[in-house]
Amino acid sequence: MTSEIVSAPARTQAFLKTLYGVTDGERIQRCLQCGMCSGACPYGYLMEFPPSRLITSMRAEEIERVLEADTVWLCLSCYACTQVCPQKIPLTAALMTRTKEELLLAGKVPTELHAALENSQRYGNVLGQSPRKRADWVKEAGAPVRVLGKENPRTEVLWYVGDYVSYHPRLQAVGRAVAKVLNALGVDFAVLGADEVSDGDSQRLAGERGLFELLAEKNGKALGRVQFQRIVTTDPHAYNAFKNEYPALGIAYPVQHLTQFLAEHLEQLRPHLTREVKAKVAFHDPCFLGRANAVYEEPRAILAAIPGVELVEMAHSRETSLCCGGGGGGMWLDGFHWEKAHARTSEWRVQEASAAGADILAVACPYEPLRFEDAVKVVPGAGNIVVRDVAELIAESLTA
Amino acid sequence: MNIVVPIKIVPDLVEELAIDASGAALDNSWLRLIINEFDDHAMEQAILLKEQAGGQVTVIALSAEGVDDILFTAAAKGIDRLIKLETEEAAALNNHALARALAEVIADLKPDLILTGVQAHNDLDGSVGPLLAELLGMPYVGYIAGVKVSGDGALARKEYPGGLVAELLVQLPAVLGIQAAEKPPRYVAVSKVRQAMQTAKIDARPCPTLDPAGGLAPLRLYQPEPAERATMLEGDVEAVSAKIVELLKNAGVM
Chain U
1 MTSEIVSAPA RTQAFLKTLY GVTDGERIQR CLQCGMCSGA CPYGYLMEFP
51 PSRLITSMRA EEIERVLEAD TVWLCLSCYA CTQVCPQKIP LTAALMTRTK
101 EELLLAGKVP TELHAALENS QRYGNVLGQS PRKRADWVKE AGAPVRVLGK
151 ENPRTEVLWY VGDYVSYHPR LQAVGRAVAK VLNALGVDFA VLGADEVSDG
201 DSQRLAGERG LFELLAEKNG KALGRVQFQR IVTTDPHAYN AFKNEYPALG
251 IAYPVQHLTQ FLAEHLEQLR PHLTREVKAK VAFHDPCFLG RANAVYEEPR
301 AILAAIPGVE LVEMAHSRET SLCCGGGGGG MWLDGFHWEK AHARTSEWRV
351 QEASAAGADI LAVACPYEPL RFEDAVKVVP GAGNIVVRDV AELIAESLTA
Chain Z
1 MNIVVPIKIV PDLVEELAID ASGAALDNSW LRLIINEFDD HAMEQAILLK
51 EQAGGQVTVI ALSAEGVDDI LFTAAAKGID RLIKLETEEA AALNNHALAR
101 ALAEVIADLK PDLILTGVQA HNDLDGSVGP LLAELLGMPY VGYIAGVKVS
151 GDGALARKEY PGGLVAELLV QLPAVLGIQA AEKPPRYVAV SKVRQAMQTA
201 KIDARPCPTL DPAGGLAPLR LYQPEPAERA TMLEGDVEAV SAKIVELLKN
251 AGVM
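Keeping their order, the protein sequence lines are chains U and Z.
Quick note on numbering: our numbering labels position 89 of the first sequence as 89, and the sequence is numbered without any gaps.
Quick note on numbering: our numbering labels position 131 of the second sequence as 131, and the sequence is numbered without any gaps.
So here's chain U without its partners, still in its complex pose (with noise of 0.2 Å):
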């Protein structure tokens, strides 16, 4: 017992080494306790250590306590906590990320999330699908979507589909209008089709940097052999990780989510956008398009390009929006996240959504259809709320 007692400082500072690893990483020791942090998380009440009380026990070196509890793994990587923080200290990046890497080196990590990992290293995606099947979706697309291929490797956009546009049936609705949308507009567009694996970003934020790291060097390969101008990502993960963390990998490409791509085309759009979405509707701003990376506008701008759309907001909208539960390894703890909180932060959000009025609930990610409209089931007073992609809003209006 000694000796544990002895190493544990060194665990700890150990620990912190790393941390300053990561950009911004040494502003840890500006932290002024104020628990801004641990109050804005929406989970933070069930935490055991929340970033601000983390931060206490390593100050404290008494990481190993930090390392024995599980509920990091409540952590959606949400970034609400980073947002507030006002020291900007990198709260999601570094404290909450590092610490479920810890715990994933040293096995401790829900049993839940192994599968999702696991079809990752495996197949390059979460849903554990077919690689070979990854553009099937394709053939039922509606419009033309171009395969890049040896014969023809160049595009003007390269659109990144992602694992649940490309496999999930409900998410293949979304690449339907998205297909449609860059058609409409006369994009000379394609996809990497079997080429494409997994984002990683999730993974990432999930504690399984090594397997990130995998991923982004099979997407970097695939890249590497085709010729575009920018890429384009339906998932604001994917975008996070093309802009953020893949150019440190030596992966460096112009990438745009395509809410900016639609809202820098608005003007060209707009002419095709002649059919009435009569409807209120509240856009529930991403995590990793809105806080991790600023972009409220562009959404909002197309939004309200749809003729007969009222824009609504709720309660919490950009830089405070809340979480659907999906991000960090979330989308694969359904059931952990549930033991721990009896509650879903998506069934919160539908609350609002119904309480704003809104008649149709926005998004701009991938996860968020599946767990709003599980929530709208389970939401009293909420089941008549419409969960659509900005992407199918904008197919619904244009011309036929």
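Keep in mind the hints are simulated off the structure, nothing from the lab.
You can trust all of the hints, since none of them are fake.
Taking lysine to any residue and the SDA-like style, the derived pairs with C-alpha atoms no more than 20 Å apart in a straight line are:
#1 Z:K192 / U:R122
#2 U:K340 / U:L103
#3 Z:K110 / Z:D152
#4 U:K150 / U:Q227
#5 Z:K183 / U:F336
#6 U:K133 / Z:E16
#7 U:K108 / U:F15
#8 Z:K192 / U:P110
#9 Z:K84 / Z:K201
#10 Z:K50 / U:G107
#11 U:K218 / Z:G66
#12 Z:K183 / Z:A145
Following the hints, complete the assembly by docking chain Z onto the known chain U.
Just chain Z now, kept in the frame of chain U:
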């Protein structure tokens, strides 16, 4: 405690299987291979025993595409020794030939305990465990979900249908067919697997003679054919319920 875990590498059913030109074997060209799920549990159980009681765990596999990665992953999880038996014939192998080759190698390792998956989805001629036990002259118990070792005996929890569980004391050395490890197989970080690729060594050696005698050789493989036997029942809940009851009565199950 010297534990040996022979593992089988089997076709991954995530890809659709195709039959080759001979009509009697799977088409290997698109085949993706994976560790037999039950063998993964056998490996986990072996690591759990090692963590509780000390000892050494050896994993043995026949050469196949991707087997090195499977062995390095095993090393990252805590397996001490990796043996790869090199052969060109692995794909067409039956379990009789596999068990004979494994028995020859395992006999020299003088194990206290052999843990192997209770079955694999491509077993056509019995599972590997009992064949191996017979060849090595050891007792065998299958459908095991939990093992404790004390002295020269192993206390094995055997699962029976209907939720019954028996605890059996087995004299060592013995072969146990693992249905499930006490805990789900652990996740090992990719960085640890990559580390194992640098540090762990695979003991690659020629596979002993493969003798398939006593096993089965498939004459022809068939794809399951979709049949149109479903009948849609029409009407309201009452009418549909009445029809279901009638159908079940006619089928003699009600």
